[in-house]
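Enquirer: One letter stands for each residue in the lines below.
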Amino acid sequence: MLWLSLFSPLFIGFLFISILWPRHKTVSPHLLIKSCLAVGVGLGISSYSFFLGLVVFPRSGNGFVDAETTSLLALTVVLLCLYAIRIRKHPGPRSTSKPAPKSGILCILSASFHIALAASLMAFIFLSLDSPHGEWDAWAIWNMRARFLFRSGVQWTHTFSNLVAWSHPDYPLLIPAVVARCWAYIGHETVVVPAVVSMFFTFATVGLLFSSLSILRSRSQGFLAGLVLLGTPLFIRQGASQQADVPLGFFFLATIVLFFLQDRLSKNDYSLVYLAGMTAGFSAWTKHEGLLFLACIMVSRLAIMVPVRDRKVFLRQVFSFTAGLAPILATVIYFKTQLASPNEFISLQGLQVALDRLTDGARYLQVGKAWAGEWIYLGNWIFSLPLLLVFYLLAMGINIDEKNKPALASSLIILSLLLAGYFLVYVTSPYDLRWTVATSLNRLLVQVWPSLLLIFFLVVNPPEQAMNLLPSSDKHSTHGPTGQDPDTA
Amino acid sequence: MKYMGKAALLVLLLVALLSNLRLFRQTANFIPKPLGRDEITLYEKRFEELKKILPSHGVVGYISNKQAEDIRFDAGAAEYYLTQYALTPLVVVYSPNYPLVVGNFRQAVIDPKIYTSRDLVPLKDFGNGVMLFRRARR
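Line order of the protein sequences matches chains C and S.
Residues in the first sequence are numbered from 1 upward in steps of one, following our numbering.
Residues in the second sequence are numbered from 490 upward in steps of one, following our numbering.
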């Protein structure tokens with residue numbers, strides 16, 4: 001039952017994504033990227049349905065499990081039928097790509113990536129065994145909330161009591177609801193569930209970064225980016241800590257990747273934008289930062305799409321994005337307005353106090369200094385990777401694929417606005433600034449680091465091209481030197 | 490440019506791999522505890538008998554011999570947070586002003602002043618630093 005509870009959402013997520021994915025003859029094209037996306041979409045859907053079950057049928061108890069199992073089976077049949085019909089109607093082109101010849105560099109990168117992956121998996125397991133309830137915030141916020149949802153029965157709204165304001169009862173429920181749902185399935189609590197959910201999100205982020213870069217650029221870039229992410233000890237530690245920052249980072253990355261893929265794979269339908277709407281919605285259902293991310297998406301797509309594409313395309317994209325986002329955002333709004341207590345950043349200070357802080361130059365200086373110092377060494381690398389990446393960029397040069405440019409500009413705006421938003425939250429923080437920065441800045445890095453790596457490796461020249469190791473025909477390939485389906489790797 | 494690129498790639502590869510392997514080496518030194526023998530699970534076991542006689546829902550108070558002016562920033566308050574974690578779905582409030590109050594002490598002999606000064610009457614001593622009180626009627 002444990003594994004059924006954990007893997008059934010992934011299966012549903014995979015079917016859901018396969019139906020919306022640009023048509024292909026077989027399931028195998030883009031298998032890896034679809035599987036990685038299925039982790040977030042599947043767990044997001046399961047969290048959403050569990051929460052709705054609590055709201056609509058709070059007295060159902062174990063009836064939820066029976067109802068969900070039946071619904072899942074019915075949904076699986078429906079999705080499989082839809083998938084079969086879709087393949088019959090739109091067979092799509094047969095994949096003609098052959099595995100690219102492996103260069104020496106690719107072999108070295110592939111071997112290094114797999115060594116790092118194995119070491120990270122082992123490290124993750126050791127860390128989880130060492131702290132099976134997760135780190136402080138994990139048990140004091142996320143896992144405790146999961147316990148409230150699982151143990152409370154009809155009284156589940158007690159978890160939002162202001163009497164435990166220190167546990168942030170206003171935080172969204174994606175992670176607690178996923179964990180509580182699995183416990184409801186197996187009928188008891190086990191620390192295995194939050195640990196495995198965290199593992200899913202951590203390694204799905206690595207897989208998504210690798211597979212998306214393999215499609216958008218080249219496999220060597222995918223391996224390198226994956227290696228740099230795995231070589232960020234803070235990322236693995238935060239993943240194993242069972243906090244919500246790695247899942248949030250996954251949804252940020254997934255949304256940005258889906259916008260890139262929309263431009264590259266799907267010209268006439270906007271199903272990938274619909275999926276991007278869902279993943280952006282799930283980011284808001286994971287942590288408050290997701291709401292800021294949503295606002296940044298709106299602004300950036302408006303700034304980029306209207307001048308670059310015609311208004312019709314923009315409106316269609318807005319419609320598809322909103323269709324994916326709306327049900328989840330409606331749930332977030334219901335949660336925030338009907339259940340959650342007011343956010344501490346708002347309740348602890350009035351508007352005037354916040355405005356005073358916003359106009360206090362000394363606070364900007366203080367936060368700026370802290371950021372500059374912390375970002376360079378935050379990842380627990382043996383040498384500052386951000387500095388090294390600057391050196392790498394200078395050595396390799398810049399090479400941006402024309403097809404990626406609109407999505408790249410939009411992603412840069414999203415991340416810049418997001419970081420600017422984080423910066424302003426620090427400036428207006430009602431808490432001691434030094435304490436706030438020291439205890440939270442590393443988690444912000446974890447949230448945006450995978451997306452920053454995606455952008456970096458889309459901009460920097462792939463190693464084969466920088467070192468002139470490719471035949472000239474490949475140098476102008478839109479997919480980069482070896483850019484193709486990562487599943488053939 | 491070619492050699493510069495190779496050098497940059499090599500350095501990036503090495504730094505990423507070494508950072509990764511250093512984490513692996515650090516964690517491999519952990520002595521894995523069997524499931525259920527970690528600190529938090531053992532701490533929670535102290536409350537097992539108490540949980541049997543507490544109501545399944547509602548709010549209970551909490552006292553300890555730890556001073557916590559501002560529980561959010563007090564590292565010693567971890568014990569209070571862990572008590573809430575253990576007793577969920579009861580809501581545990583760091584205050585003696587509730588009909589039922591959980592006492593969480595980490596010392597062999599408890600000074601009765603701790604609870605008499607707060608108008609609390611012991612209901613049961615569970616013998617491991619965990620006590621249950623009720624509020625005295627005036």
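It should be emphasised that the hints constitute simulated quantities derived from the structure, not laboratory data.
Here a beta-carbon is modelled for each residue, glycine too, at the ideal position from N, C-alpha and C.
Treat the hints with care, since some could be wrong.
[As the list claims (entries may be wrong)] The calculated lysine-lysine pairs, modelled on DSSO-like cross-linking and capped at a C-alpha distance of 30 angstroms, are:
hint, chain 1, residue 1, chain 2, residue 2
1, S, Lys495, C, Lys405
2, S, Lys534, S, Lys522
3, C, Lys312, C, Lys405
4, S, Lys495, C, Lys403
5, C, Lys369, C, Lys312
6, S, Lys602, S, Lys541
7, S, Lys491, C, Lys403
8, C, Lys405, S, Lys491
9, S, Lys534, S, Lys602
[Claimed, not checked] Pairwise CB distance ranges, derived in the manner of DEER restraints:
hint, chain 1, residue 1, chain 2, residue 2, range
10, C, Ala420, S, Lys491, 35 to 43 angstroms
11, C, Lys312, S, Thr530, 52 to 60 angstroms
12, C, Ala420, S, Ala517, 35 to 43 angstroms
13, S, Arg514, C, Leu302, 47 to 55 angstroms
14, C, Gln155, S, Lys541, 50 to 58 angstroms
15, S, Thr530, C, Asn268, 39 to 47 angstroms
16, C, Ile400, S, Met493, 15 to 23 angstroms
17, S, Thr530, C, Leu339, 25 to 33 angstroms
18, C, Leu75, S, Met493, 22 to 30 angstroms
Enquirer: Now, for every hint given, state plainly whether the structure supports it.
Expert: A quick look at each hint next to the structure:
For the given pair, S/Lys495 sits about 27 angstroms from C/Lys405 by alpha-carbon distance, which is consistent with the 30 angstroms threshold. At roughly 16 angstroms between alpha-carbon atoms, S/Lys534 and S/Lys522 fall within 30 angstroms of each other, so this suggested pair holds. Restraint check for C/Lys312 and C/Lys405: the C-alpha separation of about 20 angstroms stays at or below 30 angstroms, so the hint holds. For the hint pairing S/Lys495 with C/Lys403, the CA-to-CA distance comes to about 27 angstroms; that is within 30 angstroms, so the pair holds.
Proximity of C/Lys369 to C/Lys312 is assessed by CA-CA distance (about 45 angstroms); at most 30 angstroms being required, the pair is judged violated. Our distance criterion of 30 angstroms between C-alpha atoms is met by S/Lys602 and S/Lys541, whose separation comes to about 27 angstroms. Restraint check for S/Lys491 and C/Lys403: satisfied, since their Cα atoms lie roughly 26 angstroms apart, inside the 30 angstroms limit. Restraint check: the Cα-Cα separation between C/Lys405 and S/Lys491 comes to about 26 angstroms, which is no more than 30 angstroms; the hinted pair holds.
As the CA atoms of S/Lys534 and S/Lys602 are separated by approximately 27 angstroms, the hinted pair is consistent with the 30 angstroms bound. The hinted range of 35 to 43 angstroms is satisfied by C/Ala420 and S/Lys491, whose Cβ atoms lie roughly 39 angstroms apart. Between C/Lys312 and S/Thr530, the C-beta spacing of about 59 angstroms keeps the proposed range 52 to 60 angstroms intact. A C-beta distance of roughly 40 angstroms is found between C/Ala420 and S/Ala517, which places it inside the suggested range of 35 to 43 angstroms.
Between S/Arg514 and C/Leu302 the beta carbons are some 48 angstroms apart, a value that agrees with the proposed interval 47 to 55 angstroms. For the pair C/Gln155 and S/Lys541, the supplied restraint of 50 to 58 angstroms is violated, since their beta-carbon distance comes to about 19 angstroms. As the Cβ distance of S/Thr530 to C/Asn268 is approximately 55 angstroms, the hint placing it in 39 to 47 angstroms is violated. Distance hint check: the CB atoms of C/Ile400 and S/Met493 are about 20 angstroms apart, consistent with the given range 15 to 23 angstroms.
At roughly 30 angstroms, the beta carbons of S/Thr530 and C/Leu339 sit within the given window of 25 to 33 angstroms. Between C/Leu75 and S/Met493 the Cβ separation comes to about 54 angstroms, which falls outside the hinted range of 22 to 30 angstroms.
Figure legend: structure checked against the earlier numbered hints; hints not met, in rising order: 5, 14, 15, 18.
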